[in-house]
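Could you build the full structure based on these sequences and the hints that come with them?
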Amino acid sequence: MLAAIRQFFEARSVTEVSTPSLSRSGTFDAQLASFEVSDQTDKLFLQTSPEYALKRALAVYGEAIFEITPAFRRGDQGSQHNPEFTMLEWYRPSFSLSDLMAEVVGLLNALPEPPDIWGARRADVPVYSFRAVFEARFGANPNEAALSSLWQWVQETGAEVTHLEPHDDDQFRSDCLDFLFLEVIQPNLADLFFLTEFPRCQAALAEIDPGTDTAQRFELYWQGTELANGYLELRDPAAILSRHALMATARANRGLPSIAFDTAFAEASALMPACAGVALGIDRLVMVWCQAKTLAEVQLFPWPNH
Amino acid sequence: MANYSTNEFKSGLKVLLEGDPCSIVENEFVKPGKGQAFNRVRLKNLKTGRVWERTFKSGESLEGADVMEYEMEYMYSDGEYWHFMKTDDSYEQIAADKEAVSEGIQWLKDNSRCTVTLWNDVPILVVAPNFVDLDIVETDPGLKGDTATGGSKPATLSTGAVVKVPLFINIGESIRVDTRTGEYQGRSKSA
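So the sequences go chain by chain: P and D. Residue 187 in the working numbering is what sits at position 187 of the first sequence, and the numbering runs on without skipping anything. Residue 488 in the working numbering is what sits at position 182 of the second sequence, and the numbering runs on without skipping anything.
Derived by calculation from the structure, the hints in this document are not laboratory data. Predicted, not measured: the structure shown is a model, and the values here were computed from it. Heads up, the beta-carbon is just placed ideally off N, CA and C, and yes, glycines get one too. Worth double-checking, as some hints may not be accurate.
[Said to hold, decoys possible] Looking from chain D toward chain P, a few residues come up when the C-beta cut is under 7 Å (computed):
(1) N313
(2) F335
(3) K337
(4) F344
In structure tokens:
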């Protein structure tokens with residue numbers, strides 16, 4: 001699998017790079033938790049993804065790059081999650097979001113022994129717009145629906161929801177939208193699809209398309225599991241600073257530790273060429289490719305019994 | 307009892323939730339890419355038998371519940387309590403109150419086996435086997451040869467339970483009932 005991936009990128013002149021797993025900055029994403037490590041003087045973070053480092057590399061190098069690297073997310077443990085996992089992430093200068101989605105399909109077509117659901121060679125993966133499927137089901141724009149309505153719809157899903165508490169912030173909107181998508185919308189979609197046109201509150205580090213007022217982000221869903229997550233990358237340091245501020249508010253509202261703004265990363269973002277980038281979970285890819293139901297079935301060392 | 311965190315929730319684990327003993331049926335860790343992680347858990351309330359879905363914050367923990375299940379034999383009722391005996395040769399007996407025997411008792415005749423759930427050594431639930439064979443003590447006379455029209459009528463069983471049976475079934479016959487749905491399954495094989 002790894003050899004086929006490297007071959008695919010070599011043929012397309014995408015350069016393999018290597019970035020540190022230990023860094024002084026942690027992710028500022030409110031819902032990702034970094035492992036913290038300390039040496040004698042410093043507090044360091046194990047990276048939740050190579051995104052910040054690869055963007056700094058891209059700012060200097062300016063051309064297409066990829067990395068296959070361990071990534072670490074504290075607390076993510078389940079049949080589809082492992083606190084340590086392997087991530088493939090790549091960046092394509094001058095690509096549009098749909099160029100990159102096509103390349104994801106191309107990469108999967110290059111892998112050996114595809115499962116039946118993928119088929120020998122696929123050109124078409126259905127694309128759904130988050131905004132459109134949400135409007136079709138709930139009759140409201142996910143950017144604009146009142147938080148009280150979202151919360152009510154969450155209560156009406158049939159489950160007794162105790163993991164969310166109402167907060168007057170974007171993160172609460174995003175968490176409600178996630179829950180409604182997972183519980184109500186996704187079960188009625190195809191087994192395999194791209195999701196695009198994300199709501200503004202889920203833009204993360206993706207550009208906003210002013211025409212549709214949606215985030216230029218895509219995810220690849222495979223039998224209920226998210227396999228890949230891509231952005232048309234945000235480059236404006238002021239916009240990155242304001243996304244950080246939103247996440248800082250979300251963290252404060254939830255009593256989560258605050259994370260310092262990574263100036264080096266924000267400055268590097270401004271120097272990156274216009275590009276699209278995507279991260280793909282290798283462990284999950286192997287799992288779905290082998291038609292396994294859990295990561296443990298395909299891992300040599302399943303957490304936590306190493 | 308020990309506390310169990312969401313990542314220790316396994317099918318069959320007994321925990322206390324809002325004062326009631328519950329059994330974990332299913333537990334799934336869910337984390338949308340950039341969203342709040344949670345556990346989607348199906349639980350069974352062991353006092354009421356109700357199964358429902360509840361989400362927990364990942365990492366939240368619940369106190370374990372001292373719950374044991376035993377196979378027991380139903381002996382008799384004294385009107386206030388129902389008496390059961392363990393089938394492990396200990397001859398140990400316990401008495402269950404009306405709340406504990408609730409639905410289950412209507413399917414149990416003397417000396418029949420059942421599952422009794424004890425919480426802190428007190429019986430809270432009596433469950434009959436999925437299928438029981440019981441005699442009919444009262445029903446309207448059967449219509450001979452009418453095996454095709456598919457009509458049904460109520461019939462009272464020796465334990466007092468009332469089930470719907472086909473028209474051709476008569477008093478004195480033994481029938482098999484699915485205790486989970488209360489539905490007639492057919493004449494008993496031995497009959």
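Going through the hints against the structure:
At a threshold of 7 Å, the smallest CB-CB gap from N313/D to chain P is about 5 Å, leaving the interface hint in force. For F335/D, the interface hint holds, the least distance from its beta-carbon to any beta-carbon of chain P being 3 Å, beneath 7 Å. Among the interface hints, the one on K337/D holds; its C-beta lies about 6 Å from the nearest C-beta in chain P, closer than the 7 Å criterion. Nearest Cβ of chain P to the Cβ of F344/D: about 4 Å, under the 7 Å cut. The hint holds.
Going through the hint list in order, the structure satisfies each hint without exception.
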